[in-house]
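One letter stands for each residue in the lines below.
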Amino acid sequence: MSLFEAQNVTKQFGDFKALDDVSISVPAQCIYGLLGPNGAGKTTLIRIINQITGPDSGNLYLNGKKLTPEDVLAIGYLPEERGLYRKMKVGEQALYFAQLKGLSKAEAMKRLKYWFRKLDIVDWWGKKVEELSKGMQQKVQFITTILHEPKLIIFDEPFTGFDPVNANLIKNEILFLRERGATIIFSTHIMASVEELCDNITLINKGKTILEGSVSEIREKWAGKEYELVFQGDVKLRENGNFTILSQNTEDGKSFIRLNTISGISTNEILHDVIKSGNIISFNPALPSMNEIFIRVVESRN
Amino acid sequence: MNKVSVIIKREYLSRVKKRSFIIMTILAPLLMACLVIVMPLVMMSGSTDFKKIAVIQDGTTEFENVITDTKDEDFVYLQGADINYIVKNLDSLGYYGALYISPLSLNEPILYSKKQPGIGLLDHISGALEKEIEKSKLLDYNIQNLDSILKQIRTNVNPVTKIVDQEGKSTETSQGVAMVLAYIGGFLMYMLVFMFGAQVMRGVIEEKTSRVVEVIVSSVKPVQLMMGKIIGIALVGLTQFMIWVLLTMGTVAVLRGTVLKKADITEMTQTITKSVMDQSQSNAQVPAVKTTTQLSPQLAEMSRLLDNAMNLNWPLIIFAFIFYFITGYLLYASVFAAIGSAVDNETETQQFMLPVTIPIILALMVAMGTMQNPDSPLAFWFSIIPLTSPIVMMARIPFIVPAWQIILSMGIMIITFLAFVWMAAKVYRTGILMYGKKTSWKEMWKWLRYSG
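Residue numbers (this note's numbering), protein chains in the order written: chain W, 59 to 360; chain G, 221 to 672.
Just so you know, these hints were derived from the structure itself, not from any lab. Owing to the predicted nature of the structure, the values given are computational and were not obtained by experimental measurement. We put the CB at the ideal spot given by N, CA and C, even for glycine. Be a bit skeptical, because a hint or two may be false.
Claimed, not checked - Facing chain G, according to a computed beta carbon distance under 10 Å, are these residues of chain W, among others:
{"#": "1", "residue": "Gly-72"}
{"#": "2", "residue": "Pro-127"}
{"#": "3", "residue": "Val-130"}
{"#": "4", "residue": "Thr-308"}
{"#": "5", "residue": "Gly-311"}
Can you make the complete structure from the sequences, with help from the hints?
Next up, the structure:
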């Protein structure tokens, strides 16, 4: 069952159609990637989910019920353009945001202590935000986003501004949150992190959905006719009428070869062609990276 | 807990705890108190700037000792001295200036001096000479006992105004008190609305540029954030204002006990403190400005003024002040909030500030004119039009305004401020999330029509 659903959402600013009949369905406890080039309408969709703006038409459901203003308490949102009050102390500020999300002061205090310890930022409690580095501020913001234990968490580019160590720390926290039952919408341009984290994705371009589904399914679907062969030892293949060679190289005593098959040729025929060339270690359909899919899909639409 | 109150609390505390706020709050009343005490002191002593003025009459002695000495000026009559010589050597002879009176041009005596003389001095000279010339002209009519007749006919007219109500009962009022009150009321309103309104705008810009706003509006409605800010800042202003009144009173009291020794000054400051006390008791503006210029011989007149002040319709004035302050502040503050939301930084606010400033300046100007003629059509219309009515109506009320006009003005004011808050909230909601776009009035008008 989906935890969150948006049906046929349309939003227009003057003459500009930011979202045109977009639908997404986010399964519970899943990490859902919201992808798309700049200006595709991702931020508008996220703002609509957060009820910062309303859609011109279309319906939104949380847990199968129509989204109500009270539901903001069940949603956590880390915007891409994030900021804190510069002159305010870190602790005070975190408390303030927690109270805006409906937590009592005592409860907020208790949870903040836990999280500040967990992310190792206890010492910054009394410091002003302007004294912190960007990465430190990001950590504070991460905490304020999840403190009220939202069922649905929306991260817009959560890794920007983090060094690799802290990015990994945050990634693990995100996985941990899902483990504990949260559903996560994850908007990013970094396709590597999509492959790593996301279960499902929707790709939006120019206000329209152009690709959606589970990451593995999409990659398989786009894998098409490319295969990756690994041979023992130094092996060179020759192209024939059934396939063309995209790349081949030898590393650590193994040969990695990528083939593109001519349509209508079955995998058995290919195997038959190459089986005498050497000792095959593996034969797999070559999955295109999300990055390739992203570029190909967007470019084909433009 | 209610979210708006959380926002109000933050807006309030974050400002009140600022060092600049604390410094301003403590320093301003000290300065004010010094002004209240020192100004009259300077006015009374004045000996530091003592002036000697030579009076030279060309071929006449008619004006000998006519111009009397004042606190600041001594007039030295030099018989048959050479005007050119004196004028050339003003400094070495120790004169501030030289007055040259010639029978050929009696109406235009010449005052030579190194610096531009003050209006007070010129008035003093012309007053004395005019009287003497008039007297000498009267003398030509050969009236007997002219001096005593002149003394007898000297009069001083101070019209007493009495307002008659429907039952024909009359109350003595004072134009002066009403005017001072109108002036203070109008000006205070202007100060408060503008100062706090601009603070609201700065707060909104700060939230927008620091990008903190998007996180907040994902928790609360934009209009809640806007109203929380507007109310929080109003409370900061009221806090500051209260502290100022208390500290000013305290400082005046302390200074009176220590610094000031002269009896007449003590007497005078007592009146000032008394009027300040009255002011705080009635929670409005008894003419403190007026009292500072009153000197001890005029204490009787003072108390009459105060009595008259008590005859004004204080409950109405206080109610109107509070009403117009709240609605006027909400109206302008919401416009300021909308402007703040539409720009990316403070320098961009210029183009929007002018149209907002014009009604306020206009209102202040009309309010000044109102004191001359409180029932003019101009005053009437400006006290009905909501953008100017908080200031103009406040200036009119001490002069007694028909009830229907007050009700009409307040009714329109309520409708307008609600409409403005509503429109500002719509513009604000869109504006705070718009970056990098030069915003125009037209653009803001478009935002008004975006759906929620």
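Hint-by-hint comparison with the structure:
| no. | hint | result |
| --- | --- | --- |
| 1 | Gly-72 | 6 Å, holds |
| 2 | Pro-127 | 7 Å, holds |
| 3 | Val-130 | 6 Å, holds |
| 4 | Thr-308 | 51 Å, violated |
| 5 | Gly-311 | 53 Å, violated |
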